[in-house]
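Novice: All chains, full assembly: derive it from the sequences and hints.
Protein chains: 2
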Amino acid sequence: MFVPQIDDLRQTLDDVAGLEGLIEAGLFPDLSADLVAAVLSEAGRFAAEVLAPLNRAGDRHGCTFDAATHAVTTAPGWREAYRQWCEAGWAALPCPPDYGGQGLPVLMGLAVQELWNTAASAYGIGTLLTQGAAETIAAHGSEELRRTWLPGMVSGRWTGTMNLTEAQAGSDLSAIQTTAEPAGDGTWRIAGTKIFITYGEHDLTDNIVHLVLARIAGAPQGTRGMSLFLVPKFLLDEDGEPARRNDVKCIGLEEKLGIHGSPTCTLRFGDEEGAVGFLVGEENRGLACMFTMMNNARLHVGMQGVAVAERASQQAVAFARERRQGKLAGEVVPIVRHPDVQRMLADMEVKTQAARSICFETARALDLADHGATPEERAANAALAGLLTPIAKAFGTDVGSEVASLGVQVHGGMGYIEETGAAQHLRDARICQIYEGTNGIQAIDLVTRKLTLEGGDTFARWAAGVKATLKALAAHAATEAMAGELGRALAVLEETTAQLTAWLAAGDRRALAGATPYLRLFALVAGAHGLGLGALAALARNDAAATDRRLWRARYFAANHLPLAAGLGRIVCGGGDALADGAGLLIG
Amino acid sequence: MFVPQIDDLRQTLDDVAGLEGLIEAGLFPDLSADLVAAVLSEAGRFAAEVLAPLNRAGDRHGCTFDAATHAVTTAPGWREAYRQWCEAGWAALPCPPDYGGQGLPVLMGLAVQELWNTAASAYGIGTLLTQGAAETIAAHGSEELRRTWLPGMVSGRWTGTMNLTEAQAGSDLSAIQTTAEPAGDGTWRIAGTKIFITYGEHDLTDNIVHLVLARIAGAPQGTRGMSLFLVPKFLLDEDGEPARRNDVKCIGLEEKLGIHGSPTCTLRFGDEEGAVGFLVGEENRGLACMFTMMNNARLHVGMQGVAVAERASQQAVAFARERRQGKLAGEVVPIVRHPDVQRMLADMEVKTQAARSICFETARALDLADHGATPEERAANAALAGLLTPIAKAFGTDVGSEVASLGVQVHGGMGYIEETGAAQHLRDARICQIYEGTNGIQAIDLVTRKLTLEGGDTFARWAAGVKATLKALAAHAATEAMAGELGRALAVLEETTAQLTAWLAAGDRRALAGATPYLRLFALVAGAHGLGLGALAALARNDAAATDRRLWRARYFAANHLPLAAGLGRIVCGGGDALADGAGLLIG
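The listed protein sequences correspond, in order, to chains A and B. First residue of the first sequence? That's 46 in the numbering used here, and the numbers climb one at a time after it. First residue of the second sequence? That's 46 in the numbering used here, and the numbers climb one at a time after it.
Do not take every clue at face value.
No copy is singled out in the list; a pair is fine if it fits within one copy or between any two copies.
[What the hints assert, rightly or not] Cut-off 20 Å, straight-line C-alpha distance, at most; resulting in silico cross-link-like pairs (SDA-like, lysine to any residue):
| id | residue 1 | residue 2 |
| --- | --- | --- |
| 1 | 372 | 267 |
| 2 | 512 | 529 |
| 3 | 372 | 219 |
| 4 | 294 | 109 |
| 5 | 372 | 213 |
| 6 | 372 | 628 |
Treat the hints as calculated values from the structure; they're not laboratory data.
Specialist: Shown next, in the form of structure tokens:
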């Protein structure tokens with residue numbers, strides 16, 4: 046029940062994110078259209094044949110924890126699949142070439158990650174964290190740290206984790222209490238308890254590289270007093286092989302709503318002789334280092350939402366084409382023939398593709414931030430990636446849950462039975478709206494930090510890009526009506542952005558109150574823009590089959606989703622007062 | 046973590062549904078305001094003390110099935126709680142007095158059901174089905190059937206079930222294959238397999254009364270060839286005591302996403318000597334009899350959605366007031382102080398109350414359909430109840446899932462951990478959108494059967510009622526702005542209704558394509574209307590504390606939910622073409 050979504054990935058890479066153009070422009074000398082096709086095809090095959098069968102096993106069996114040995118065992122089949130995945134070189138694909146990686150663009154890494162996550166999101170999340178940890182070490186670690194740890198992480202021999210959350214420090218990392226003390230030999234001793242650590246302990250590899258946010262004694266209070274440490278499960282011997290067990294252990298495994306295949310651990314550091322840690326980056330600059338990882342992780346989690354949506358959509362369409370209920374013209378028909386079921390399937394498809402488009406537009410910006418021709422182009426794209434990341438994360442993951450829920454609904458009563466598998470997608474998708482910064486945090490990040498980037502120029506440049514697309518859409522008879530709808534929605538977005546910016550400058554809390562509906566409004570426009578680009582590219586290419594579907598997606602989204610933009614704008618601009626009036630009642 | 050929502054129930058009963066007025070007008074001679082207060086207070090106490098503690102146990106332990114004996118055992122504590130519930134007389138409360146019931150109005154039955162379901166929805170659903178089965182027997186059964194079976198069901202000594210679904214017959218009951226053959230002695234022999242039977246087998250009572258939809262050999266094909274049979278688990282001896290085991294057995298228990306405390310059974314009828322059944326109503330009129338039960342059950346399932354929303358809201362507010370994260374003005378504050386969290390909590394509260402209002406408005410219509418002064422009043426209210434029932438069911442249950450999902454989000458990472466309990470509400474709520482007719486079926490019922498009631502007069506009368514409220518809202522400075530918003534939304538609803546009605550008359554499938562967004566639009570207007578009535582009543586009563594909260598709810602809903610009405614109207618009227626264009630792509 047999983048067919049790799051290669052066509053949609055290719056379309057999005059080339060027509061929305063312009064990968065073909067970037068290759069032709071020489072940005073990625075080692076990449077060609079043929080290589081892109083080969084990588085996607087091979088990854089799709091691996092995802093379908095090796096990873097997809099893990100999905101149910103991971104959910105039903107889950108991970109097990111042995112309190113006596115602190116060991117975590119993954120579900121049957123996971124160890125072997127991980128070994129094959131590393132052997133095939135997939136771990137190295139998105140990693141820097143200096144340490145054994147293949148250095149493919151973010152766009153390619155994201156496409157391949159979508160395939161892993163569509164196959165088994167509880168598997169995908171682990172690989173994503175390792176990749177993020179490796180990037181953080183590559184960006185901020187000393188030459189010695191990089192040489193010591195990156196080759197093992199790049200090859201997949203070791204995995205990485207991200208240790209931020211503590212019981213009292215979730216969305217608010219300033220409350221972190223884990224401590225770090227200098228050992229006198231250049232290393233540090235870490236002590237504290239971290240919770241919700243994804244793949245914090247497991248049996249897939251012979252070592253785990255934890256990145257741990259901790260506070261050095263005497264450091265300033267708040268987020269400016271945090272430092273980042275590399276704390277391995279096993280310290281290495283002189284040959285770089287795991288040798289002595291470090292003083293970090295798993296003391297509990299969470300029982301979660303979903304992603305049961307992914308162990309979520311409570312880790313205890315420094316219970317005995319002290320956990321040996323190595324400083325990554327400068328003292329007290331840990332949060333900035335961690336943000337390298339988090340921004341990328343946020344995009345990838347948005348994409349994880351899209352991936353689960355894709356899986357749920359595939360399953361729902363297949364079911365709706367098989368399941369026969371109700372007559373049309375005297376004949377019992379598959380339920381896909383009923384308009385109300387078609388609406389659910391159509392919403393699933395266009396939301397998934399709209400969110401995918403935003404994710405890949407963000408990845409393009411990240412690639413241009415690295416490889417752009419001029420410093421100006423790189424800076425502008427870094428800012429653009431910053432603007433789009435919270436939207437990719439929050440909208441991608443909202444879509445994940447919404448589409449998975451529609452998938453349950455398409456199945457009717459069967460959807461509520463675990464055996465069917467539809468409910469697993471809903472349970473798995475739900476975490477994505479929470480981890481790597483809740484979607485509320487994303488909305489606040491968007492409004493308070495991203496709209497003001499370059500004094501608002503980042504947003505203005507992005508909006509100008511949408512206007513260019515609008516002009517092209519208006520020039521085609523087939524997309525003219527869509528252009529009108531998108532133009533109206535963009536105007537609402539611009540007005541609303543101006544209002545929020547003004548409130549922000551005045552310190553008016555209505556800016557915060559409107560953050561979540563504003564993000565949704567932004568995503569509707571950005572998603573329609575992506576679908577419009579897909580339609581225009583197909584029209585330009587004169588590809589009749591592709592054109593039908595892409596034109597339809599763009600027009601359906603315009604007629605059935607964009608009409609909510611005006612109302613969302615009114616809620617952002619007019620709903621905050623009523624919210625403030627109720628604050629006292631809610632606070633109690 | 047459950048405080049009976051007595052104040053909101055009282056407000057909704059009196060100010061939205063006008064129960065006080067109905068009592069004063071003499072419709073319920075046995076009821077007084079004091080009795081209403083006493084019943085709610087006692088039910089609240091019972092729900093909080095006896096039922097609420099079952100909720101977690103039912104979820105974690107679930108029901109167990111012994112394949113050898115076909116026995117189902119409910120979770121620890123459930124048997125004893127059920128016994129107490131019957132002893133306290135709660136089973137009898139909504140039932141007809143002729144058979145031992147207390148004959149309280151539908152409004153009171155609904156209020157009490159909301160309390161049971163808020164405490165433990167997996168418990169509530171069982172009592173609701175018994176009540177529906179009893180009503181069906183009372184309405185359609187012979188005098189002998191009523192005398193034989195109703196007293197045991199009314200007292201709660203026996204429970205009832207609703208056996209409709211078969212593997213090939215879910216939303217489409219015309220495909221039912223279970224057969225009935227005359228035994229020659231006035232009884233029938235039933236054979237077939239029914240699935241998804243809620244409380245189809247359990248250990249709470251010494252008998253179970255199954256209502257089974259089956260086809261008599263030679264009956265017409267389709268829904269007009271179905272008959273309804275009463276098939277008890279145990280046949281009775283001459284003293285009316287359960288004696289001989291009937292040929293019906295549970296052959297499997299579903300593993301579901303939620304409501305684990307409620308056994309969902311596959312029942313096999315007639316494997317051996319044949320299951321003895323008694324015809325209820327006329328031959329081939331079974332579906333009409335079943336609809337008596339289903340309409341009432343639909344309202345109650347809508348209310349079950351509201352109940353889970355209430356429970357999730359209570360838990361989220363309590364958590365948000367305790368959990369401290371993030372600073373305001375230099376001080377770490379409970380997250381309830383953050384505007385984005387306030388928006389989630391506000392949305393939870395107003396959606397819950399709006400959906401509750403619609404459910405009780407429907408119940409009022411049902412009571413007036415029974416007790417109205419004139420045949421015209423009774424007929425008009427029966428039609429109104431028909432119009433509102435699909436909205437109560439679908440919107441109430443959509444709100445259940447949406448609010449429960451927001452509840453998870455308010456908890457952040459803790460919300461994804463099963464121990465917290467927030468995720469259980471999400472899992473429990475999800476079934477309500479599916480059973481008793483999926484929400485898509487409700488939307489289609491609304492558009493194709495309910496808008497056309499009395500040639501459209503039912504809708505027109507309802508809309509006239511909203512206009513009267515609008516006028517009153519416009520006369521108060523505090524609600525003037527809300528009146529404007531509601532007036533615009535009502536105008537959209539009226540225009541959209543006219544368009545759908547015209548399409549329906551012309552056999553245009555766009556009427557079906559727009560059904561789901563149309564139902565949402567209708568619910569926004571109906572929900573705002575209910576909140577407006579609540580605000581007006583508080584203003585009239587000069588009750589400052591109540592006025593604050595009710596005015597706020599009405600204004601918040603108007604400013605943060607009603608603005609979507611115009612977009613929904615545009616989707617209904619303008620989105621169907623794009624959906625039809627995609628039908629071929631979706632069908633594949």
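Novice: For every hint, state whether the structure bears it out.
Specialist: Each hint, compared with the structure:
Taking the shortest alpha-carbon separations for residue 372 and residue 267, only the inter-copy value of 10 Å comes in at or below 20 Å, while the best intra-copy value is 64 Å. For a Cα distance limit of 20 Å, the shortest separation of residue 512 from residue 529 inside one copy, 11 Å, qualifies, whereas the shortest one across copies, 34 Å, does not. Taking CA atoms no more than 20 Å apart as the test, residue 372 paired with residue 219 passes between copies only; the shortest distance there is 9 Å, against 60 Å inside one copy. With identical chains, the CA atoms of residue 294 and residue 109 are at most 20 Å apart within one copy only, with a shortest distance of 15 Å there and 36 Å across copies.
Proximity of residue 372 and residue 213 under a CA criterion of 20 Å is satisfied inter-copy only: 13 Å between copies versus 57 Å inside one chain copy. Taking the shortest Cα distances, residue 372 and residue 628 sit within 20 Å of each other only across copies (16 Å), while inside one copy they are farther apart (51 Å).
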